[in-house]
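J.: Going down the list, the sequences are from chains A and B. Throughout the first sequence, residue numbering follows numbering that gives the first Met the number 0, covering 0 to 180 in sequence. Throughout the second sequence, residue numbering follows numbering that gives the first Met the number 0, covering 0 to 180 in sequence.
Calculated directly from the structure, the hints in this document are not laboratory data. Take the hints with a grain of salt, since some may be wrong.
It does not matter which identical chain is meant; a pair holds if it fits inside one copy or across any two.
[Unchecked claim] When the alpha-carbon atoms are kept at most 30 Å apart in a straight line, the in silico DSSO-like pairs for lysine-lysine are as follows:
hint, residue 1, residue 2
1, Lys14, Lys132
2, Lys14, Lys3
3, Lys3, Lys132
4, Lys132, Lys2
2 protein chains.
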Amino acid sequence: MSKKPRILNTTTVAKSRLFHIEALDLEFSNGTRTRYERLRSATRGTVLIVPLLDENTVLLVREYAAGTERYELGFPKGRIETDEPLLEAANRELMEEVGCGATRLEHITSLTLAPGFLGHTTEVVLAQDLYLKRLEGDEPEEPEVVPWARDEIDRLWRSGECSEARTLAALFIINEHLNGR
Amino acid sequence: MSKKPRILNTTTVAKSRLFHIEALDLEFSNGTRTRYERLRSATRGTVLIVPLLDENTVLLVREYAAGTERYELGFPKGRIETDEPLLEAANRELMEEVGCGATRLEHITSLTLAPGFLGHTTEVVLAQDLYLKRLEGDEPEEPEVVPWARDEIDRLWRSGECSEARTLAALFIINEHLNGR
């Protein structure tokens, strides 16, 4: 593996309420210099929750996605607030989006979206032993909760309703985890 | 499923060479009005190539990722240029990053990263029947090509070297496709 490039300079080139675009001047170990743009998130990252309703069933939510301008099926997820412990953030988001909490919460892995230009990470949390409890969230409309057989991933990505790589990768990973591989 | 929210207004709030941040004012079918920020990409999207070296082996590349500031293992990918047909873009990126072309190229599915705030899509292309051919790319250093047994996904995400949801989801999907499920 090559030695990491040296960061010569970082400059903020644009900023909004949520996003922060940085230019990064790099020198690679072979002497090549180049400029990249990357997006910094204002937040500590995202938690994605895989709620297990029973041994064979996970819960998805159907929500409007402003980026693609359509309803998308995916696992519930949300921002981890400053100073909020990860598993507390997971349980809070679960109560806000699905209307239940979980007695057992377990951090499984971290995923990135596009490490080349996004620093953003998503923490995957498995939630088991669910109980009913709703918290008011900031959702503009209540997400529709959709139970899904966890071995029907194939049907999920072929449905045309779930295009999100994070949700598909998390379901595959959770299946391997639960199947004891 | 709810009726899609009405887009009342879109405004550019920040812009850089590569990115374009938009504010989106929405009215949901229940009357709630809200403002979202989303990122528009200046490009037509990304192609991700799954190169099959032989029946059981895929090729990954190890490249520096400016977003996470570390080397990441993942499938080769790159921008689809204006007016460039998808499968041509796939073959070009394969020649630039891996040093080979493919006789058989097949579009398998489209993935999104974070549909809530990114419009960006990634087209997954399976590349088979490889032949040696290198094109000069814009990579600052030559990516390291890493063969990987395609049924060892578990080892891949546990390795700590591949965190990218797109690569993991694409490998799971290609395995289902090739295993005839």
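J.: Please go over all the hints and tell whether each is borne out by the structure.
T.: Consistency of the hints with the structure:
{"no.": "1", "hint": "Lys14 <-> Lys132", "result": "neither (37 Å within a copy, 42 Å between copies)"}
{"no.": "2", "hint": "Lys14 <-> Lys3", "result": "both (27 Å within a copy, 29 Å between copies)"}
{"no.": "3", "hint": "Lys3 <-> Lys132", "result": "between (47 Å within a copy, 28 Å between copies)"}
{"no.": "4", "hint": "Lys132 <-> Lys2", "result": "between (50 Å within a copy, 27 Å between copies)"}
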